[in-house]
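Engineer: Sequence:
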Amino acid sequence: MIEYILSSTPPTMLPLMGTCLPSSCSDEDAQQFFNNLHTKIFQDWTGQAVEACTVEEKPPLDAADYCMIVVLASIAALCIVGTAVDVQSVYSTEGKLSKPGKFTKIILAFSFYTNTKKFLMDLKKSLTDMSLALVLNGTPSVDTFFTLSGALVAYNLLKELDKRKGKFNYFMFVIHRYLRLTPTYAIVIGLTATLVPYFGNGPYWFGVEEDNANCRKYWWHNLLYVNNLVKYEARMCYSESWYLANDMQFFVLSPLLIYPLWRFKFIGMGTTCLAAIASIVVPAVVTHQMEWAPTVIYSIPRKNYFQGYYMKPWNRFGTYVVGIILGYILYLRLKNPTKFKSIPKVVVIVGWILSTFLVLGVIFGGMYYFDPENEEETFTSAHSAIYAGIHRQVFSISIAWIVFACVTGNGGWVNSFLSWKVFMPLGRLT
1 MIEYILSSTP
11 PTMLPLMGTC
21 LPSSCSDEDA
31 QQFFNNLHTK
41 IFQDWTGQAV
51 EACTVEEKPP
61 LDAADYCMIV
71 VLASIAALCI
81 VGTAVDVQSV
91 YSTEGKLSKP
101 GKFTKIILAF
111 SFYTNTKKFL
121 MDLKKSLTDM
131 SLALVLNGTP
141 SVDTFFTLSG
151 ALVAYNLLKE
161 LDKRKGKFNY
171 FMFVIHRYLR
181 LTPTYAIVIG
191 LTATLVPYFG
201 NGPYWFGVEE
211 DNANCRKYWW
221 HNLLYVNNLV
231 KYEARMCYSE
241 SWYLANDMQF
251 FVLSPLLIYP
261 LWRFKFIGMG
271 TTCLAAIASI
281 VVPAVVTHQM
291 EWAPTVIYSI
301 PRKNYFQGYY
311 MKPWNRFGTY
321 VVGIILGYIL
331 YLRLKNPTKF
341 KSIPKVVVIV
351 GWILSTFLVL
361 GVIFGGMYYF
371 DPENEEETFT
381 SAHSAIYAGI
391 HRQVFSISIA
401 WIVFACVTGN
411 GGWVNSFLSW
421 KVFMPLGRLT
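Numbering (the UniProt record's numbering) for the sequence shown: 1 to 430.
Among the clues, some could well be false.
Claimed, not checked - Straight-line alpha carbon distances no greater than 27 Å define the calculated DSSO-like cross-link-like pairs of lysine-lysine that follow:
id, residue 1, residue 2
1, K341, K265
2, K159, K265
3, K265, K163
4, K165, K312
5, K312, K231
6, K163, K339
7, K335, K265
FYI, nobody ran anything at the bench for these hints, they're computed from the structure.
Predicted, not measured: the structure shown is a model, and the values here were computed from it.
Between the sequences and the hints, there should be enough to build the whole structure, so can you do that?
Structural biologist: Structural data, given as structure tokens:
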């Protein structure tokens, strides 16, 4: 088993080792050192290669670095001032400020005191909090995020359409989302592009320096949320941000499905069903035609899989559609509380059994493609394309059932676990 894992797993997925050598040593000296270490200690269990040599020297700070320092110092100052004003208003003899002005409200938004209290206050029994707990504890798959995001967007937008009698300002819908996500995101990108290389050092720190260079060059791709659509020579700025780009794109397009569900019920349902079918057909066809792997398979790495397939929105939007359908069902229940009020126990039991087997089927059903001996079928067979087309949606349907069961009072111990207050502070941070 160990030999199979070592032979079928790329170096990036195995433990890595770096070491410090005198600066007088050359690349050849380092290679010889590892050859001897490999032979005497590890024998045939590991491979070795010198990927890069670095020195413990930091480049001088430039204008961008100083700008980032000013931004961070300004935020820190706002936090200190906001906390001081907040604490003073709480413990003063006059009590809290009755009607703080707009400027004071902005300052208080940075208060450590109030924000810490918010993180630690009791959870409200709501869809949002339950979903956040589910995200934090329910699945190893990123598609859970897309499913819950789609559900929350649909649920909240449908309620808003009811409240405003169908009036919908699309521009403000998008701008509100952008302003909610981007400031913190911009700080992370700014840090990566400026100061992060100064936070550490070591033999593998060159990866951080690569991120720094990429973010200096491509930061604007991230802030426009198009970094998952651009082809990069190496890798994008802040690789994990592909998710945010997809989520923003799905959000921007979501009214095309959600508004018809509210205004024209049957047309909306038909449009959503067509989108669900397309979300299966598109990745299946792309996988088969381009000979991609049906899922992420580290034992048979294929160059550019991440950029060319994995992070593309047309291969990922199916789980968001499942979320929109879930959000619509929960909205119908909100409009008519008697809906799903009493679900037969047989249906509940079958639902839990099916959702469990579907999750396990997705996880273990794809193991066939991880065997290097099945490489040809992995990239060319029809069943591989079918798996690529349906496995994410099947997984998301299972997640949707868990949310639905918990909301309707059929979650049992699962709902109790996901509502555990221990998860509350992290849930609020999301």
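Engineer: Hints first: check each against the structure and report whether it holds.
Structural biologist: Each hint tested on the structure:
1. Between K341 and K265, the direct Cα distance comes to roughly 22 Å. Compliance with the 27 Å bound is thereby established for this hinted pair.
2. Of the supplied pair hints, the one linking K159 and K265 holds, its CA atoms being roughly 15 Å apart against a limit of 27 Å.
3. The hinted pair formed by K265 and K163 meets the criterion: a straight-line CA distance of about 17 Å does not exceed 27 Å.
4. Proximity of K165 to K312 is assessed by CA-CA distance (about 35 Å); at most 27 Å being required, the pair is judged violated.
5. This hinted pair checks out: K312 and K231 have alpha carbons roughly 11 Å apart, not beyond 27 Å.
6. Using a Cα cut-off of 27 Å, the hinted pair K163 and K339 holds, with the two alpha carbons roughly 21 Å apart.
7. As the CA atoms of K335 and K265 are separated by approximately 14 Å, the hinted pair is consistent with the 27 Å bound.
Of the numbered hints listed earlier, the single one contradicted by the structure is hint 4.
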